[in-house]
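First to last, the sequence lines map onto chains A and B. Take any residue in the first sequence, count from 1 to its spot, add 61: that is its number in our numbering. Position 417 of the second sequence, counted from 1, bears residue number 410 in our numbering, the numbering being contiguous throughout.
Treat the hints loosely; a few may be bogus.
Cut-off 25 angstroms, straight-line C-alpha distance, at most; resulting in silico cross-link-like pairs (BS3-like, lysine-lysine) [as the list claims (entries may be wrong)]:
| hint | chain 1 | residue 1 | chain 2 | residue 2 |
| --- | --- | --- | --- | --- |
| 1 | B | 106 | A | 217 |
| 2 | B | 112 | A | 119 |
| 3 | B | 411 | B | 492 |
| 4 | B | 384 | B | 483 |
| 5 | B | 292 | B | 236 |
| 6 | B | 106 | A | 147 |
| 7 | A | 217 | B | 236 |
| 8 | A | 379 | B | 38 |
| 9 | B | 84 | A | 173 |
| 10 | A | 430 | A | 465 |
| 11 | A | 217 | B | 237 |
| 12 | A | 472 | A | 104 |
| 13 | A | 308 | A | 265 |
| 14 | B | 236 | B | 298 |
| 15 | A | 211 | B | 384 |
| 16 | B | 438 | B | 65 |
| 17 | B | 292 | A | 173 |
| 18 | B | 38 | A | 211 |
| 19 | A | 147 | B | 112 |
| 20 | A | 147 | B | 84 |
| 21 | A | 333 | A | 308 |
| 22 | A | 119 | B | 106 |
| 23 | A | 527 | A | 430 |
| 24 | B | 38 | A | 308 |
Bear in mind the hints are in silico, worked out from the structure with no lab data behind them.
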Amino acid sequence: MSFMKDITPLVRNNFLSGIDVLSRRAAQITVEIQQGERTNYNKVLDLSSGDLHRGGIKPITFVRQVLAACFYPALLEDDSLPLDVKQRAEILLSECDGGSIGSYTDSSGIAKIKLCVSQYITRRDGGVPSSPDNIFIKSGSQTALMIMLKLLIRSKDSCQTGVLIPVPTYASFTLALEEQGAAIIPYHLCEEQGWTLHVEELRKALHTGRKTCNPVALYICNPGNPTGHMQSRKSIEEVIRFAAEEKLFILADEVYQSCVYGDDTEFYSYKKVLSEMGSTISSTVELASFNSVSKGFMGECGLRGGYVELVNLDPAVKEYARRLFSTRSCPPVIGQIALDLMADPPKPGDPSFPTFSEEAQSIKNMICKNTGRIQEVFSELPGISCQPLKAGFFVFPCLHFPPKAIKWAKKRQMEPDMLYCLHLLEETGLHVRPGCEYGQRKDSHHIRLFVATQQNIMEDALQRLKTFHMRFMKEFS
Amino acid sequence: MTKSNQKRFTQAIIRKGIYGDTMTENGCQYRERVLTMDTMNPNVKRVEYAVRGPIVQRAVQIERELKMGIKKPFTEVIKANIGDCHAMGQKPITFFRQVLALCAYPDLLEDSKFPEDAKSRAHRILQACGGGSLGAYSTSQGIEMIRQDIARYIERRDGGITCDPDNIYLFTGASDAIVTMLKLLVSGEGMSRTGVMISIPQYPLYSAALAELAAVQISYYLDEDNCWSLDISELRRALQEAKKHCSPRALCIINPGNPTGQVQSRQCIEDVIRFAAAEKLFLMADEVYQDNIYADGCKFHSFKKVLFEMGLEYSEKVELASFHSTSKCYMGECGFRGGYMEVVNLDPEVKVQLTKLVSVRLCPPVPGQALLDVVVNPPQPDEPSYDTFIKERTDTLAALGEKANMTQEILNQVPGIKCNPVQGAMYTFPRIHLPPKAILEAKEKGQTPDMFYCMKLLEETGICLVPGSGFGQRDGTYHFRMTILPPKEKLKIVLAKIKEFQQHFMEQYS
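Bound conformation, chain A alone:
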């Protein structure tokens, strides 16, 4: 027996609900299908994760051409690549030591790329200045978020550091908080009003939280995951004012900022709104905003490129933040390059622009069509309803289970939506995630569906869901 059983309790307490169970079963079923042991469907339809490419969407051509040229610069001699691709690859390679993407870069990222990101931010925010000194590139926004948590959370204190997080919120973030030893203070989003954030709810949560821990940070996900909601400008102002009054550090996870669909919907960054709120607030409220190449039209989850922009940080603390970022040598260079391409994509007049624009637009159109179809199908089904999708890659429909279904789940000692998902997977091969993984109000149940997938796949998924759901509701009525 190993002495290692005595490992750090922080890691041991990591909560992993049914994640393993559902994914494991999906993998098993795939094997069964390959071995010819299943006849009711011929493949598992995976709408469980926010992965654009896994869902069959092709990467953006311009992005992959630039990456290929960076990997293998001999391609720059080729006629096959468009001029703007070659120019961009050349510029980026000249920023790498030895002209190779295999070299280490500056720990916070290649200077030219940080500049490019800062310019993107300034353009996005209608001119609000952004300095590359406040930008740190990491291998994904999650990594950057974890480093900020490391700065904020005092795990050795007798009074735990508290972080306010929305319910629902995505599972791996909860894990990350627990791993760092933070106390989680949940605040509920208002489902009936489209998952809006009410400051009153924040206030209530904070008040409760203060009884047992020391709340220092407020985590916001906007656009929301899994909810797909977008905060109005007014709502963002209210939250910022709340953070100012209550002395909270704002962690604004904005990775879905370029996936916006509703006609009347516009993304406002926390930074932009903050900058327009008068100097008492705009120069004092501390903010960290996160973005990455994993979502949006890029969908390059596997390349691991993300950044954080720090606003109003104490200069001495920022110096330590810089050190924390530099103990890991540097972020993956390919991920950094992808960030540059995201922040500065082809413009009208560039040879690659027509293709790029078409590819990016078609993803947006596809998602819009999918959400329209989802609403159509759900409107015909009893016991399932969905708030309008404004942004992001997921819908989070509410399942209204009949009492019989709840009892059945209780007997099986499982959350009803988890059990629903397991049976949905088993009987139709559709893999979606249960609401219990994200948190939800007591006695409410949900599933999370990925919607950024090809229309025919979405249709297939909806048919499978419809069939199963009708049967399910009938059986438990």
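Starting from the known structure of chain A, fit chain B onto it as the hints suggest.
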């Protein structure tokens, strides 16, 4: 009120009329920050990382000054501080880059300019990726097919000793793997706080990680007079001492060594394993330089291989984690952040915790995973790319070997510098004898003597090295770490300049 608060307060008053600010509840017009030096996580304050520390910052500044046309006694800064092969002109392996390009932009699979063996590897890798794209998330542990390929590579390397792909974890570089493993190991309070044994000198990732985790660093000294060899009696001494104030749980070895370059003998590895078994220590074997072996009579023995050849008494009990990456050896692909860890005899419950830990960060960069796959599946003798591949690999390693020998020869001719043979890895860690006057001046400047030396060297010659104090050394001794990576001709110049500087320095401070 602090100065910065005062400034904000004044600004706030000036602007109040213009913007009509809402006053906060208690009427204060400024807000104290949430995150200050006092409220910040105190563990963060202990984080230092010499390889990118103040001397590198000064080097970067000097580069800027040169660009602006400021005159200096040199025309370029030579960064011999960091183990970055490509930055110093080493060329990537053609085959690897071809495969990656094909993976990135699969349209190229139709391009006749790429060899068939590269295409077949790219095709196979893409099939193992979600949606056939490097851009899809992989599982947190790493793409299964790639872990299987790595397992087979390890089996070939270790003469057939079985490797279970399930014991392979892919990471964002070996550093990521090392820190993750340390996270699992560190626990307890006070007397029972985890102690981790690490060599002096060491690669400062370890000391930084231990500081961040608030673990107890247990230093064991390598023997400079004996080629930086590892002495079991020194391990024993360090351990006994440590037991008085902490709970020693792990022993870290870097083989081949960084910064010292020593290659452990097989006997030494066996002794270390026996020691770890007897003292119930978790072994962490950092083997990222395993292909960088230069000295005659030196050979790389993986800890795993030696462990399993020592019989069941050891191979069934000793807990081991071995680390490797794409950053060093002949690949030099640091920027890809590709690395893996193989665990042996890990408690199953602990393995569950490890799996959870890695799931938090989603997945390692897929291009790095793909690169690892090609590294462990290089061209075979009957394949079109074989000849070029072998030539490139051989030339690269031979050049490093040549430079390793040249470095130790030249430095040992310099009075005041004594250099152990560079048996492996990519660095030399010579001892410099500093005159008392120099040491005094350093103290007056508030610098460690070797930092003082290195800063002066930088200012006068443009050569950037890392002072030995960043790696740890015996009290009263001073060193610097220099890479052997610059191209041969440039390296000759660097060594000549160091010789000149050293002579001048000795004269100046005698």
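Structure-based check of all given hints:
About 59 angstroms separates the Cα atoms of residue 106 of chain B and residue 217 of chain A, which puts this hinted pair outside 25 angstroms; it is violated. Between the alpha carbons of residue 112 of chain B and residue 119 of chain A the distance comes to roughly 19 angstroms, so the proposed pair stays at or under 25 angstroms and holds. The straight-line distance between the Cα atoms of residue 411 of chain B and residue 492 of chain B is roughly 12 angstroms, inside the 25 angstroms bound, and the hint therefore holds. For the hint pairing residue 384 of chain B with residue 483 of chain B, the CA-to-CA distance comes to about 23 angstroms; that is within 25 angstroms, so the pair holds.
For the suggested pair residue 292 of chain B and residue 236 of chain B, the alpha carbons sit about 34 angstroms apart, so the restraint of at most 25 angstroms is broken. At roughly 18 angstroms between alpha-carbon atoms, residue 106 of chain B and residue 147 of chain A fall within 25 angstroms of each other, so this suggested pair holds. Simply put, residue 217 of chain A and residue 236 of chain B have alpha-carbon atoms about 23 angstroms apart, close enough for the 25 angstroms limit, and the pair holds. The hinted pair formed by residue 379 of chain A and residue 38 of chain B meets the criterion: a straight-line CA distance of about 12 angstroms does not exceed 25 angstroms.
Simply put, residue 84 of chain B and residue 173 of chain A have alpha-carbon atoms about 23 angstroms apart, close enough for the 25 angstroms limit, and the pair holds. Distance check on the hinted pair: residue 430 of chain A and residue 465 of chain A sit about 35 angstroms apart at the alpha-carbon level, beyond 25 angstroms; violated. Proximity of residue 217 of chain A to residue 237 of chain B is assessed by CA-CA distance (about 23 angstroms); at most 25 angstroms being required, the pair is judged to hold. Between residue 472 of chain A and residue 104 of chain A, the direct Cα distance comes to roughly 30 angstroms. Violation of the 25 angstroms bound is thereby established for this hinted pair.
Only pairs whose Cα atoms come within 25 angstroms are accepted, and residue 308 of chain A paired with residue 265 of chain A is accepted, the gap being roughly 15 angstroms. At most 25 angstroms may separate the alpha-carbon atoms for a hinted pair to count; residue 236 of chain B and residue 298 of chain B exceed this at roughly 30 angstroms. Straight-line distance between C-alpha atoms of residue 211 of chain A and residue 384 of chain B comes to about 46 angstroms, which puts the hinted pair past the 25 angstroms bound. Of the supplied pair hints, the one linking residue 438 of chain B and residue 65 of chain B holds, its CA atoms being roughly 23 angstroms apart against a limit of 25 angstroms.
With a C-alpha separation of about 43 angstroms, the suggested pair residue 292 of chain B and residue 173 of chain A falls outside the 25 angstroms cut-off, and the hint is violated. Straight-line distance between C-alpha atoms of residue 38 of chain B and residue 211 of chain A comes to about 11 angstroms, which keeps the hinted pair within the 25 angstroms bound. At roughly 22 angstroms between alpha-carbon atoms, residue 147 of chain A and residue 112 of chain B fall within 25 angstroms of each other, so this suggested pair holds. Between residue 147 of chain A and residue 84 of chain B, the direct Cα distance comes to roughly 20 angstroms. Compliance with the 25 angstroms bound is thereby established for this hinted pair.
Straight-line distance between C-alpha atoms of residue 333 of chain A and residue 308 of chain A comes to about 20 angstroms, which keeps the hinted pair within the 25 angstroms bound. Restraint check for residue 119 of chain A and residue 106 of chain B: the C-alpha separation of about 24 angstroms stays at or below 25 angstroms, so the hint holds. With a C-alpha separation of about 18 angstroms, the suggested pairing of residue 527 of chain A with residue 430 of chain A holds against the 25 angstroms cut-off. Between the alpha carbons of residue 38 of chain B and residue 308 of chain A the distance comes to roughly 23 angstroms, so the proposed pair stays at or under 25 angstroms and holds.
Violated hints for the displayed structure, listed by number in ascending order: 1, 5, 10, 12, 14, 15, 17.
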